[in-house]
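Visitor: For the record, the sequence lines run as chains A and B. Going by our numbering, the first residue of the first sequence is number 1, and it counts up by one from there. Going by our numbering, the first residue of the second sequence is number 1, and it counts up by one from there.
Any given hint might turn out to be false.
Stated by the list, open to error - Derived list of chain B stretches under chain A, where covered just means 3 residues or more per stretch with a C-beta under 8 Å from a C-beta of chain A: (1) 337–346; (2) 351–359.
As the list claims (entries may be wrong) - Here are the simulated SDA-like cross-link-like pairs (lysine to any residue), alpha carbons at most 20 Å apart as the crow flies: (3) B:K344 - B:D271; (4) A:K293 - A:L333; (5) A:K21 - B:D22; (6) A:K239 - B:T59; (7) A:K239 - B:A57; (8) B:K154 - B:N52.
Bear in mind the hints are in silico, worked out from the structure with no lab data behind them. Idealized CB from N, CA, C, for every residue including glycine.
2 protein chains.
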Amino acid sequence: MDYDMENRKTAVRGAQSIVFKDAPHIISAASVTGSKEAEGPLGKLFDMTNENDLFGAQTWEEAESNMQKEACILALGKAHVGAEKVRYLFGGDLLRQGIATSMGVEALQIPMFGLYGACSTSGEALALAGMSAAAGYGDYMLAVTSSHFGSAEKEFRFPLGYASQRPLSAHWTVTGSGAFLVKAADADSQGKTGGNEKGEGGAVKAEKKEADAELEDQSFSHVRIAGVTVGKIVDYGLKDSQNMGACMAPAAMDTIVQNFADLGRTEEDYDRIITGDLGYVGQSILFDLVRGKGYDIRKRHLDCGMTIFDRETQDTHAGGSGCGCAAVTLASLILPKIESGEWKRVLFVPTGALMSTVSFNEGASVPGIAHGIVLEHDGI
Amino acid sequence: MDYDMENRKTAVRGAQSIVFKDAPHIISAASVTGSKEAEGPLGKLFDMTNENDLFGAQTWEEAESNMQKEACILALGKAHVGAEKVRYLFGGDLLRQGIATSMGVEALQIPMFGLYGACSTSGEALALAGMSAAAGYGDYMLAVTSSHFGSAEKEFRFPLGYASQRPLSAHWTVTGSGAFLVKAADADSQGKTGGNEKGEGGAVKAEKKEADAELEDQSFSHVRIAGVTVGKIVDYGLKDSQNMGACMAPAAMDTIVQNFADLGRTEEDYDRIITGDLGYVGQSILFDLVRGKGYDIRKRHLDCGMTIFDRETQDTHAGGSGCGCAAVTLASLILPKIESGEWKRVLFVPTGALMSTVSFNEGASVPGIAHGIVLEHDGI
């Protein structure tokens with residue numbers, strides 16, 4: 001094991017990675033999803049689902065905000081930690097100006113950093129939450145991301161009412177939000193220091209107390225964020241926004257291979273290497289690109305976009321995508337397997353395609369970015 | 001002085017602030033602006049301006065990207081630091097899906113975190129760059145933000161060709177980008193450790209070398225990021241997106257007063273308290289709100305949006321705004337005054353209005369957020 005370092009400085013590894021000396025833990029996670037996700041292979045694992053995908057709202061955007069809020073409240077409730085104890089929140093979504101996040105987390109009244117990394121945002125949020133907790137900037141950090149099929153189609157393609165056709169290489173944006181509560185290694189278990197001591201957000205506090213009464217302790221105690229590999233923008237010049245798997249695969253390869261190089265590892269050091277939403281098209285490109293670098297990850301690879309929907313019965317073409325895709329798969333499927341020790345070490349690599357309707361219409365390419373998070377079972 | 005702390009943990013102050021034990025320094029900054037800004041009161045202070053606001057591009061979006069790239073290259077060149085030595089980049093802009101940033105910084109090939117905090121993004125980027133440097137995650141961090149009048153009008157209001165009228169409470173989005181190179185206190189002065197060692201970005205490197213030849217050393221050696229106060233979302237229920245000063249003033253008040261409370265200070269501990277782009281309308285609201293909390297900042301307040309344009313001759317109504325407004329004012333006016341010691345301690349508080357055309361059309365309110373950065377002259 002390579003985590004015994006004498007001082008903070010040595011936490012820096014290679015060109016792009018950090019290995020934490022005192023690794024923070026993900027102590028709880030929550031997943032909130034729509035109806036199609038509820039009918040998929042992971043349906044029974046999600047904490048909350050909604051039949052009409054509106055979550056009590058009038059618009060898709062407000063629905064997405066509500067999902068984020070619920071995911072945060074659930075994650076806090078599972079660990080019996082109040083919002084006022086969370087030092088900083090790191091959140092993002094796919095919508096212009098990140099409104100799903102700002103409207104969603106407003107009620108929590110946690111000091112916040114808004115992020116944009118397309119579908120890689122869950123990795124970006126976890127990286128910054130882990131970095132902040134490991135640096136001693138607070139006991140608890142919250143990371144949250146979301147996407148919504150209705151709001152994403154409107155934002156990037158056409159409103160649902162147009163019933164436009166989609167090519168087979170297109171993804172199906174996941175309606176879902178995942179939230180993750182990160183705790184510093186040296187956190188006061190009472191959460192009395194380093195928290196947001198103002199004790200605001202009364203409504204949230206009340207909701208949380210109700211949740212406390214209903215929920216058993218569903219927190220994790222064995223999942224640590226061992227390190228991160230921050231991604232670069234990787235541009236192979238592709239311009240097809242309906243084939244995002246191909247646009248993102250080079251970035252996924254770059255971050256995975258960089259992680260290996262920075263930490264002196266190979267695919268054999270990970271039980272699973274899990275990408276966000278490359279889908280069927282992107283996966284085969286990733287395998288080829290990684291093989292070109294001398295590694296073979298085929299036996300250990302899993303893609304959240306290929307896991308969340310059933311290919312035969314759910315007709316989602318290339319697979320699921322969106323900020324919520326990797327987040328809810330992490331919360332519902334991956335973290336419990338690490339907690340139980342079934343998987344000892346996982347490289348979680350959410351992937352994002354950096355484009356907008358404007359950049360696409362102006363003929364710009366669609367570069368990708370991917371952030372790598374090393375998740376480990378404590379007993380490793 | 002209250003900076004003598006024995007361990008990292010005590011860097012956490014009050015509900016929302018961090019005071020760095022080993023404060024990182026801003027060692028260089030660059031400002032790139034459009035033609036209207038060049039004609040304004042700060043015109044002569046900017047590093048680079050462009051007559052037709054296109055910066056050699058065909059579209060406003062690409063022009064904005066070019067500004068970001070130039071600002072980064074200039075900031076690196078001024079300090080004679082290569083892009084490959086920068087560990088992480090923190091950047092953002094106002095456009096949907098942050099394309100000005102992803103297209104702008106792509107060529108630098110620095111591992112990057114995309115941010116969105118509306119016009120508060122320069123504060124968000126500096127906070128995270130400072131936090132990462134102070135935590136020992138690398139020797140050099142780069143923070144960059146931008147806005148462009150042409151791309152912002154298209155994004156938030158109407159394309160310029162429509163020649164639509166603007167109310168007097170409206171702001172004028174600044175065409176500009178500011179970049180800031182942050183150096184860790186214990187950084188190897190050769191930048192050999194903790195850098196992005198891959199040495200990619202050859203083109204940038206070459207450009208940088210040219211810049212080196214032309215430029216004298218224009219780096220700062222006395223400006224430190226002493227601490228940060230991370231902002232919460234503050235929502236007074238206002239819905240007028242053409243009066244963003246009013247929407248953002250409550251957030252500015254909240255962060256300023258929180259900074260005083262967290263650090264045990266008053267307005268008298270700062271030579272200047274500088275908001276991002278409240279403008280004339282927002283400033284008077286801020287004064288009232290702050291007075292309601294028992295402080296009087298009138299003599300020490302400066303607003304970048306009121307500073308960058310001349311009210312009498314430039315007809316910008318409420319003043320300048322945008323991610324670039326606070327950033328270029330910081331780079332060109334504020335940092336040199338701190339470097340010279342004219343100002344010993346400044347609280348820099350960029351302010352953002354969290355909205356999109358979609359949230360506005362759906363009737364949502366426009367909440368604000370503001371991040372506080374404590375900047376000090378080393379000799380303090």
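Visitor: Taking the hints in turn, state whether each one holds.
Guide: Structure-based check of each hint:
no. : hint            : result
1   : 337–346         : violated (count 0)
2   : 351–359         : holds (count 6)
3   : B:K344 - B:D271 : holds (7 Å)
4   : A:K293 - A:L333 : violated (29 Å)
5   : A:K21 - B:D22   : holds (19 Å)
6   : A:K239 - B:T59  : holds (17 Å)
7   : A:K239 - B:A57  : holds (19 Å)
8   : B:K154 - B:N52  : holds (17 Å)
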